[in-house]
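Colleague: Take a look at the letters that make up each chain.
4 protein chains.
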Amino acid sequence: MTGSSFGKLFKVTIWGESHGPAVGMVLEGCPAGLKIDIADVQRELNRRRPGQSSITTNREEKDQVIFLSGLFEEITTGAPISAMVENKDQRSQDYEHLEKSYRPSHADFTYQEKYGLRDYRGGGRSSARETVGRVIAGSIAKQFLKTFGIEIIAWASQIGEIVMPDQDQKEISYEQVESNIVRCPDIKTAKKMQKLIEQVRSEGDTIGGIISCRLKGVPSGLGEPVFDKLHADLGKAMLSINAVKGFEYGKGFSCVSLKGSEHNDIFIFDQESKKIKTEKNDSGGIQGGISNGMDINFRVAFKPVSTLMKVQRSIDDEGKEKEIKGKGRHDPCVIPRAIPIVEAMAALTLADHILRNRSSKL
Amino acid sequence: MTGSSFGKLFKVTIWGESHGPAVGMVLEGCPAGLKIDIADVQRELNRRRPGQSSITTNREEKDQVIFLSGLFEEITTGAPISAMVENKDQRSQDYEHLEKSYRPSHADFTYQEKYGLRDYRGGGRSSARETVGRVIAGSIAKQFLKTFGIEIIAWASQIGEIVMPDQDQKEISYEQVESNIVRCPDIKTAKKMQKLIEQVRSEGDTIGGIISCRLKGVPSGLGEPVFDKLHADLGKAMLSINAVKGFEYGKGFSCVSLKGSEHNDIFIFDQESKKIKTEKNDSGGIQGGISNGMDINFRVAFKPVSTLMKVQRSIDDEGKEKEIKGKGRHDPCVIPRAIPIVEAMAALTLADHILRNRSSKL
Amino acid sequence: MTGSSFGKLFKVTIWGESHGPAVGMVLEGCPAGLKIDIADVQRELNRRRPGQSSITTNREEKDQVIFLSGLFEEITTGAPISAMVENKDQRSQDYEHLEKSYRPSHADFTYQEKYGLRDYRGGGRSSARETVGRVIAGSIAKQFLKTFGIEIIAWASQIGEIVMPDQDQKEISYEQVESNIVRCPDIKTAKKMQKLIEQVRSEGDTIGGIISCRLKGVPSGLGEPVFDKLHADLGKAMLSINAVKGFEYGKGFSCVSLKGSEHNDIFIFDQESKKIKTEKNDSGGIQGGISNGMDINFRVAFKPVSTLMKVQRSIDDEGKEKEIKGKGRHDPCVIPRAIPIVEAMAALTLADHILRNRSSKL
Amino acid sequence: MTGSSFGKLFKVTIWGESHGPAVGMVLEGCPAGLKIDIADVQRELNRRRPGQSSITTNREEKDQVIFLSGLFEEITTGAPISAMVENKDQRSQDYEHLEKSYRPSHADFTYQEKYGLRDYRGGGRSSARETVGRVIAGSIAKQFLKTFGIEIIAWASQIGEIVMPDQDQKEISYEQVESNIVRCPDIKTAKKMQKLIEQVRSEGDTIGGIISCRLKGVPSGLGEPVFDKLHADLGKAMLSINAVKGFEYGKGFSCVSLKGSEHNDIFIFDQESKKIKTEKNDSGGIQGGISNGMDINFRVAFKPVSTLMKVQRSIDDEGKEKEIKGKGRHDPCVIPRAIPIVEAMAALTLADHILRNRSSKL
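Residue numbers (the working numbering), protein chains in the order written: chain A, 4 to 365; chain F, 4 to 365; chain P, 4 to 365; chain D, 4 to 365.
So that you can see chain A by itself, here it is in the shape it has in the complex (with noise of 0.2 Å):
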């Protein structure tokens, strides 16, 4: 298993399972002389825990930030940053009736069969808890950006079928989504969300749901030609993420039944700037794989959690039918934790091409 590294040069390698003693990370290549501010890891480790409001899994994890290298007097000297979350309201009990048994739409099933053996407990390295190293981090890169004026911005653009009207068109702030429980920066439909994920708890069942992301200030020239284009990386970042089945950016489906002519996204000199810009900025922000200055514009779309509580029909590894219920506790929608994880892996992505970019020119 040699896919826990994330970066060729802003390198995070992420470890730990649900039901083990901590979940933690290494990040080389920050670079040497970043100020960083642990309450800020901190508080975004606190939108990503769970049992944080009443629509999110009540397993009750404080999740306290420990770092153990990399750091003197609260500045990075260059070298990797040792950090890890230890696990402490574990409760693997709730998983023995699993030992034998393949949850749906789970990765009981397919890692049993890649590695032959599996921890059981909690979905062991599959579960999502890992993303806390993404989290940790996701907020040392941002913190990273915003050196260079780079701001990030997440947000729960639908839930079930209800849809945030007009994203595109609005400026979107920090606090509007941190305002309410379901991270939509739009009240009235935050409302509504609510009580969509409300209703689908209370029936045992989930929902699925979109975040959308942009990413602000970000200078032209980042992103690598051919494989390594400035979306195929964020891509790949955001597929990544547990539930994830979808990634857009731009226009993104909505375009292939566009016309050139329609599409297209004409140069013009912007005065006030003494800038170049796009009339429309229709590509997303990212023109052959390169930043082009503009904002980037991208969506991902998450399946409905797949732990029920209600009863499914499944089989164990000897093929025999049986009866699944989860035991353990669960989020009715993966949305509004998931949004500080989509986030940082933004960050994390934009960090590398950052230091990427750094050898383009002579």
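Read the hints as simulated data drawn from the structure, not as lab findings.
Just so you know, not all the hints are guaranteed correct.
As the list claims (entries may be wrong) - Result set (PhoX-like, lysine-lysine): computed pairs, CA atoms no more than 25 Å apart in a straight line:
1. F:K325 <-> A:K278
2. A:K103 <-> A:K323
3. D:K219 <-> D:K364
4. A:K313 <-> F:K280
5. D:K313 <-> D:K328
6. F:K219 <-> F:K11
7. F:K323 <-> F:K313
8. D:K11 <-> P:K195
9. P:K103 <-> A:K38
10. D:K262 <-> P:K194
11. A:K364 <-> A:K149
12. D:K194 <-> D:K173
13. F:K283 <-> A:K323
14. A:K262 <-> F:K198
15. F:K103 <-> F:K330
16. P:K219 <-> F:K364
17. A:K11 <-> D:K11
18. D:K262 <-> P:K330
19. A:K103 <-> F:K325
20. D:K283 <-> D:K219
Said to hold, decoys possible - Residues from chain A that face chain F, not an exhaustive set, calculated with beta carbons under 7 Å:
21. G6
22. L261
23. Q290
24. S309
Only a predicted model underlies this, so the values are computations on that prediction, with no experimental measurement involved.
For glycine and all other residues, C-beta sits at the position ideal for the given N, C-alpha and C.
Starting from the known structure of chain A, arrange chains F, P and D on it as the hints suggest.
Modeller: Just chains F, P and D, lined up with the frame of chain A:
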């Protein structure tokens, strides 16, 4: 620019510009002992080649593959395989008017920003002519995959608003796909699609579309947890292709409005094959980032080609407004020629993961 | 700083500073299904640990290993293995006088130049305390190699001018090496070496030496042509250890004055084992960068430790002259404690090449 | 076989066999904006080329470089640089007798073991003909380094037992090295060396030697802590060259018998240059794995060439004894032609570390 390599163990490096002497690739990591059918490599290049039909560009390139290393009596030796195609029918004069202009929705501006200079002839490195290298490598990967019984099949599933009906329920063969120049296996739909492409071309315009792809016979266990999930690597592979704006697998974006009880894929024991399967394969053949032995299904959204054969507004490198009209020879729709490229990238991704999976168990 | 990872498939990432809370490692790519003997990991750490004998530093660290992930019931699951050792006996005040001074032949100056700041306590990241991580990972690698019948044995072959005689002709066992605190398998030589080390220590001085290493039971076929030759990767592994100044394998530097007819190693067919061997193994077990099935032999040169317990001239960060005298607790000779480190790095190199070799053939 | 790439950011991939159509390289990551002197690339190839003098093989190859991509008006664009040299003077029939035989101390046996088949003509991939690609890439790297004022100079410092005296104390120039066909800057020594080479050749035999190399003008700060120390990467680069058996830097193996008080390199403040330097540079320009701004010195040991023009015993692939005599055209001593290869590999290592160092600080 270090983004020209793809894969960790089955690893291709692509080189070449649209108007340079040649385009090509070096493939490292193909295991020794594979008999290469060179005619088959050429056939794949012919499917990608310009001028192949009435609805593609009429740049006339034979695209004859030349192997330079890595084969001994047409068998792979384990050494890097180097191969190239010479550029014959360049017309660099078609591009001289672009030396100081930025074509809308092209990479002219972003390359200039990133590198401080650019080869403006035919888009230089940003031209889709680099995909010659992908197709050569991909066709070797396909031959490698065939030894495991894996088959890859892609087709035009949507052009503009014309959608092929009931695709998911149908068996689709290579012969059906190749039966028409649009490469849509449903003849009735193909005819409509062809008509639409001809119409937009006559207007000097272009049109977008969707390519669907199915991977058959993939063994369970491919894909690495956390960041290098199989669908994350497939997604990156697809998003790296010129003009791609979105990727989804399984139910994709449509699953966001489903409940868990609707979307979950129940495991069953198939008495006939004595294998564990899922009832609906809504997971798209991948669970927890690892293949489960079912068909893998994904869809790729392509924007309309940016070069129009009609006048567009733009600006030059000093920000002055000017009009631009395509003089080169261009495709009105990228879908028919992109199909072998989608297949090639899928093949490279799978081949890499087959080799990576060899280290999963003791 | 992205140089803290070693290996492509069996890949370790090391973190930690001399005076931070802990030092540790994350090991990715260890195949699933390996039973880990944790007591054995601890035993290797004990061989490296400070304060283990009268001729090592008396910094007192128990160096107790803590496993944080990757094992389930002490068996590897394929997930990254995270482990660490807490730093207990730091005396940071011993280093305060170095905040603005550069110790001769240390990394103080170069770190300051590279990063613009440094953790000066105990050398920070440049301290050999990071080798704790190497030894943990290496001992897991050794256990992996044991399943293939591979054994690694290193020993003190020279301290100062005292050379162990006739080493190449002798079988050398782990027990012999561990029979004395110098770790020289020849007791008579070991005594002389110990006396020399005690003498230089009493002078406040230090002394260099050579570690020889033999890899037994290595199958033929390991190593990748051209750049990743087996001995090139072994050489890099050894040269990456603190204080190493040279590496040679087979006949090494002594072969430069030989003729081809003297040095060439004639192939023979060994009737007993029914295997192809060479007459003298002057090639050192590697030909064309690939193991040939014979014992692999190499030698590593270590400089005398730079920290002296006597006064040395130096300068501060403003270029002013000042006198420096080691206040920390330091080794008079690095050889005895470096032996498990050499073995660890050899084990990591071999483990990586065993996994890489799995893709050589179809 | 994935060992054909070198470097992380300034990254070359080498391809080609001794008796295939061509040998070449793809260089990724060379920054845009570097004017390439192609005549200079050719001059380096001429220094490596067979048949250049009376003491090298008389295989007659012009080795004319052909650039295929990455340059626009002879300036790097940031795109991968592809270049090759065609093989013209192969005589494959010279090798037919080796199809089933293993030449002593060659890679015939180990390639067969690793891959199950091999291209036996001229050693195939194991032939030093692959170094053409290294020299092309290395000469581009040298031109890149020149923009930073870095100069690389290597020379024959020992052939057999003939050693050039007082090398460390002397300034050595490219002109002195190129003043004779042995490439020893001391004319008197060079004559003795040439005589020795001619003598062993007349016996059908070969002889080993040492190449010394000095890197001048290297800025402080290059090299990455822990595993990718500058000398570890230089060591790997050198050990990857055919026939190399050892590497040392600074005082190398000779420092093992020194005391710390003898070996330590005292820092001084050089009033003239206003820079911090060391008194003796016994560290060889690198401390803690990072360059300190002084000259970097290292030495590389080459074994005698294995192919002899006289009869040797060996065995065939069934283990039967047979006699072998070199029929190809071979060098009696590898040193004169290996000097540009040592320089090329040093240049590639430095260029890579210059780019990597760009991410050290904020």
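Colleague: All hints, please: hold or fail.
Modeller: How the hints compare with the structure:
Under the criterion of a C-alpha separation no larger than 25 Å, the hint pairing K325 of chain F with K278 of chain A is consistent with the structure, at around 17 Å. A threshold of 25 Å between alpha carbons decides the hint, and for K103 of chain A with K323 of chain A the separation of about 10 Å falls inside it, so the pair holds. Between K219 of chain D and K364 of chain D, the direct Cα distance comes to roughly 24 Å. Compliance with the 25 Å bound is thereby established for this hinted pair. With a C-alpha separation of about 22 Å, the suggested pair K313 of chain A and K280 of chain F falls inside the 25 Å cut-off, and the hint holds.
This hinted pair checks out: K313 of chain D and K328 of chain D have alpha carbons roughly 5 Å apart, not beyond 25 Å. Restraint check: the Cα-Cα separation between K219 of chain F and K11 of chain F comes to about 23 Å, which is no more than 25 Å; the hinted pair holds. Taking the CA atoms of K323 of chain F and K313 of chain F, the gap is near 20 Å; set against the 25 Å cutoff, the hint holds. Using a Cα cut-off of 25 Å, the hinted pair K11 of chain D and K195 of chain P is violated, with the two alpha carbons roughly 45 Å apart.
Straight-line distance between C-alpha atoms of K103 of chain P and K38 of chain A comes to about 21 Å, which keeps the hinted pair within the 25 Å bound. Between K262 of chain D and K194 of chain P the CA atoms are separated by roughly 19 Å; this keeps the pair inside 25 Å, and the hint holds. Restraint check: the Cα-Cα separation between K364 of chain A and K149 of chain A comes to about 23 Å, which is no more than 25 Å; the hinted pair holds. For a cut-off of 25 Å, the pair hint linking K194 of chain D to K173 of chain D stands: about 19 Å separates their Cα positions.
Restraint check for K283 of chain F and K323 of chain A: satisfied, since their Cα atoms lie roughly 19 Å apart, inside the 25 Å limit. Of the supplied pair hints, the one linking K262 of chain A and K198 of chain F holds, its CA atoms being roughly 15 Å apart against a limit of 25 Å. Restraint check for K103 of chain F and K330 of chain F: the C-alpha separation of about 15 Å stays at or below 25 Å, so the hint holds. Between K219 of chain P and K364 of chain F the CA atoms are separated by roughly 24 Å; this keeps the pair inside 25 Å, and the hint holds.
At roughly 9 Å between alpha-carbon atoms, K11 of chain A and K11 of chain D fall within 25 Å of each other, so this suggested pair holds. Between K262 of chain D and K330 of chain P the CA atoms are separated by roughly 19 Å; this keeps the pair inside 25 Å, and the hint holds. For the hint pairing K103 of chain A with K325 of chain F, the CA-to-CA distance comes to about 69 Å; that exceeds 25 Å, so the pair is violated. In summary, the hint linking K283 of chain D to K219 of chain D is supported, as the alpha carbons are separated by about 15 Å, within the 25 Å threshold.
Nearest Cβ of chain F to the Cβ of G6 of chain A: about 3 Å, under the 7 Å cut. The hint holds. The interface hint given for L261 of chain A holds, since its Cβ lies 6 Å from the closest Cβ of chain F, which is under the 7 Å cut-off. The closest approach between the C-beta of Q290 of chain A and any C-beta of chain F is roughly 5 Å, which is under the 7 Å cut-off, so the hint is satisfied. The beta carbon of S309 of chain A comes within 6 Å of a beta carbon in chain F, closer than 7 Å, and the hint placing it at the interface holds.
The structure is inconsistent with the numbered hints 8, 19, although it conforms to all the rest.
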